[in-house]
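With the hints as your guide, set chain B onto chain A.
So you can see what is in the structure, the chains are spelled out below.
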Amino acid sequence: MMALDDDLLTALRAARPVPETEPAASSPEARMMLARILGSGRPPGEPGRSRRPGPSRRFRRLLIVLPATAAAAAAVVLGVSLVGPGGPNAPGHSHQARPRTPAATPALRLLASVARAAARQPAPRVTDNQFVYVASMVADGTGPPHLRQTWLSVSNLCRAGLLKEPAHGFTSEPLPGGGKCPDRGSLGNPTYRLLESLPTDPRTLLNMIYAHIHAKAGGPPAAYQAFDAIGTLLRETIAPPRVSAALYRAAALIPGVTKVADATDAIGRHGVAVEFRYTTPGGECVFKTGPGHRLPPRSKIAARCAAQIAKEHAPPVTETIQWIFDKATLQMIGENDSDPGAYTKHYETAVVQRAVVDNAGDVPAGH
Amino acid sequence: MDRETRFRALFECAYPALSRYARHRGLTGADAEDLVAGTLEIAWRRIDEVPTDDPLPWLYAVARNLWRNKLRRDRRRGSILTRFHASLSPQVGDDPGGLSPGALRAAMASLSDDDQEVLRLVAWDGLTPAAVSQVLGCTPVAARSRLHRARARLAAALGLDPGLQRPRSPRHKQGDSYRSTEVHR
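For the protein sequence lines, the chains are A and B, in the order given. Residue numbering for the first sequence follows our numbering, beginning at 75 and increasing consecutively. Residue numbering for the second sequence follows our numbering, beginning at 1090 and increasing consecutively.
Bear in mind the hints are in silico, worked out from the structure with no lab data behind them. Certain hints may be false.
To be verified - The calculated lysine-lysine pairs, modelled on DSS-like cross-linking and capped at a C-alpha distance of 30 Å, are: (1) 1159/B with 238/A; (2) 401/A with 333/A; (3) 333/A with 1159/B.
What the hints assert, rightly or not - Here are the computed distance ranges between Cβ atoms for each label pair: (4) 1098/B with 195/A: 37 to 43 Å; (5) 1237/B with 436/A: 52 to 58 Å; (6) 195/A with 1117/B: 40 to 46 Å; (7) 1226/B with 240/A: 26 to 32 Å.
Said to hold, decoys possible - To be clear about the criterion: a stretch of chain B counts as covered by chain A if any three or more of its residues have a C-beta under 8 Å from a C-beta of chain A, and this derived list gives those stretches: (8) 1104-1116; (9) 1122-1136; (10) 1193-1201; (11) 1211-1217.
Glycine included, every Cβ here is placed at the ideal spot set by N, Cα and C.
Here chain A stands alone, though its shape is the one from the complex (with noise of 0.2 Å):
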C-alpha cells in the first residue's frame, strides 16, 4: 500500500465507491465460490485430471456444422497506418464530416464493393413482434472458441430479448430493454426499426455517428470512435440493404481506414478486411519555462520530446478493429479486435448465422 502523498489522490481516495457490507472471504456467498471453483476442475500440472473442461456438447456441433473448419490459422499481415499527432484523427478534430472527395485507397474501393453487395442482398420480411437471432463464436482470451447468440425485439427494447453464452455464465439471459416504452434503442444499441430509420446518404449518416459519440480528451480519436460505432451498428443487428449498404459507405468517409488482404476470424475462416488502428500516444512531454528553465528552440523541441519520451515511457500500444468479409460474397463473416493486455490480447468473432425468427430463444431450421 502506498501513502497517498498528495491532497488531491488523497480526496480520491475518499471518493471511491464503498460496498454497501464489506465482503468477507467467510461470507456464504464467498464459501460457495470458493467450493464451485474447486470443484470445477483441477489446476494444470496435477497428475490424471484434464487440464481444464473440454468444449462442451454444443461446441463440438458446431464444429461439425460450420461450413468453414477451422483451417490453420495464417499470420495476418497488417498494413501500418500509423495515426500523427494533429490531423483529422486527433482527439478534439472536428466530429464533422466535412465534405471532399477521398482518394480511391485499396480500402475504399473495398469497402465500396462491400456497400454494393450489401445493397443487392434481399430485403428481410420483418413484424413487430418479431426477434433478431444473431449466432456467433467468440474468442476471447478466456478458452477456446465459444457460442454466443442473441435473440433482439426487430422493433422495442422493451420486449425482453435472451443471451445465451454458456462459456461465461449466460445460459438464458434476459436482455433487458431502456427506460421509456416502446423503446427503438439507440446508435450504441439499436433494433432493426431504429436502424430501418437512419439516413442513407452516407455524410449525413456520419455526421450523426459522430455526434453520438462522446470523444474525450486523452482518449480514442474520435474517427477510430466512429468506426468503432459503426461496428457496433453492424454487430449482431441485422440492418435493411441500403442501411447496410450505407454505414459501409460512411465507414469510407473516415480517414486512416486501410485494407488487409488475408485475414481470419475466431474460427479461422479467411477473409478480406478492412482495419481501423489507432496508437496511443508514446507520452507527452512538459518543459518547464521562467527562471531557471529555458525553453528549447522551437527547431529542436520536437527531437528533445522525443529524447524525454523516450527515455521515461512506455512505447505506444496500438489497438485495431478489423471487419472481416468473405472474399467471394463479400459479407461480412467477423470481426477482430485487439485489446493489448496482459492475458488476453483479442476479442474475435466469427458469426454463424443471422435470421429473424418469431421468439426470443428460436433457432432457425438445421441449426
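Relative to chain A, chain B alone:
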C-alpha cells in the same frame, strides 16, 4: 503446500480485495460476483503462475482484462457502462466546485478510460506505482508518468492548478510551463 491449500489461502485475501476492485469499477450484485469468480477461476487454473509474495497485482491484471472484455461484450447492450456512469454522477447537494466526492467522481468520469484506471488503481485499490506497472504491463517509470499525467488532468477537470491544487486563477496562463504537442514514436 499443495495447490488446493495454496489456492484456499489465496482466496482468503483475494476475495475481499477483488470484491472491492469490482465495486470501484461500478459493478454490483451478480456482475461483481462474476468478475470476482472469473478472476479466481483463472487463478485456480494458473495457480503455479500466481506470485506467492504479492499476488494482488497479478489478480488485478486478470480482473482488469475480464472487466474490459465484459464491457466490450456488454457494449452491445449498453447496460454496464450506463449503470457505471450513472453511479459516478454527482449527487444532489454536492458542491461541484469543491473536492466533494460527487465532484471528484464526475471529474473522474470526464477523463479517458486509461486515466481513470491508473487513478483508480492507486487511489481506490491502494496500489503502488510499481504494482500498477504490473497490472498495466508497463515499466514502473511509465506507471508513475501515467499517474502524474492522469492526476494533472483530474486537477484540470476540477479547475485546480495541477501543481498547487488551488483553484486556478481566471488569469491563469501558460506561464508556468510550456506543454508541447504530443509526440508519437
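### Query
CB of residue 1098/B to CB of residue 195/A, is that within 37 to 43 Å?
violated (58 Å)
### Task
Three residues minimum, CB to CB under 8 Å: does the segment 1122-1136 of chain B make the cut for coverage by chain A? Let me know.
That given contact holds, which follows from 12 residues of the segment 1122-1136 of chain B lying within Cβ reach (below 8 Å) of chain A.
### Message
Hinted pair, alpha-carbon criterion (30 Å max): residue 333/A, residue 1159/B. Please report holds or violated.
### Response
holds (28 Å)
### Message
Checking one constraint from the list: CA of residue 401/A to CA of residue 333/A, max 30 Å. Satisfied?
### Response
This hinted pair holds, its Cα atoms lying about 13 Å apart.
### Query
When you take the CB atoms of residue 195/A and residue 1117/B, is the distance between them in 40 to 46 Å?
Given a distance of about 42 Å, which is inside 40 to 46 Å, the answer is holds.
### Task
Could you see if the CB distance from residue 1237/B to residue 436/A stays within 52 to 58 Å?
Holds, since residue 1237/B and residue 436/A (Cβ atoms, about 54 Å apart) stay within the stated range.
### Task
Sort out whether residue 238/A lies within 30 Å of residue 1159/B, counting only the CA atoms.
holds (14 Å)
### Message
Count the residues of the segment 1193-1201 of chain B whose Cβ falls closer than 8 Å to any Cβ of chain A, and tell me whether that reaches three.
### Response
Answer holds; 6 residues pass the 8 Å Cβ test.
### Query
Are there three or more residues in the segment 1104-1116 of chain B whose C-beta lies within less than 8 Å of some C-beta in chain A?
holds (count 7)
### residue 1226/B paired with residue 240/A, Cβ distance criterion 26 to 32 Å
About 30 Å separates the Cβ atoms of residue 1226/B and residue 240/A, which means 26 to 32 Å holds.
### Task
Closer than 8 Å, Cβ to Cβ, for at least three residues: run that test on the segment 1211-1217 of chain B against chain A and report holds or violated.
holds (count 6)
In this structure, only the earlier hint numbered 4 is contradicted, and the remaining ones agree with it.
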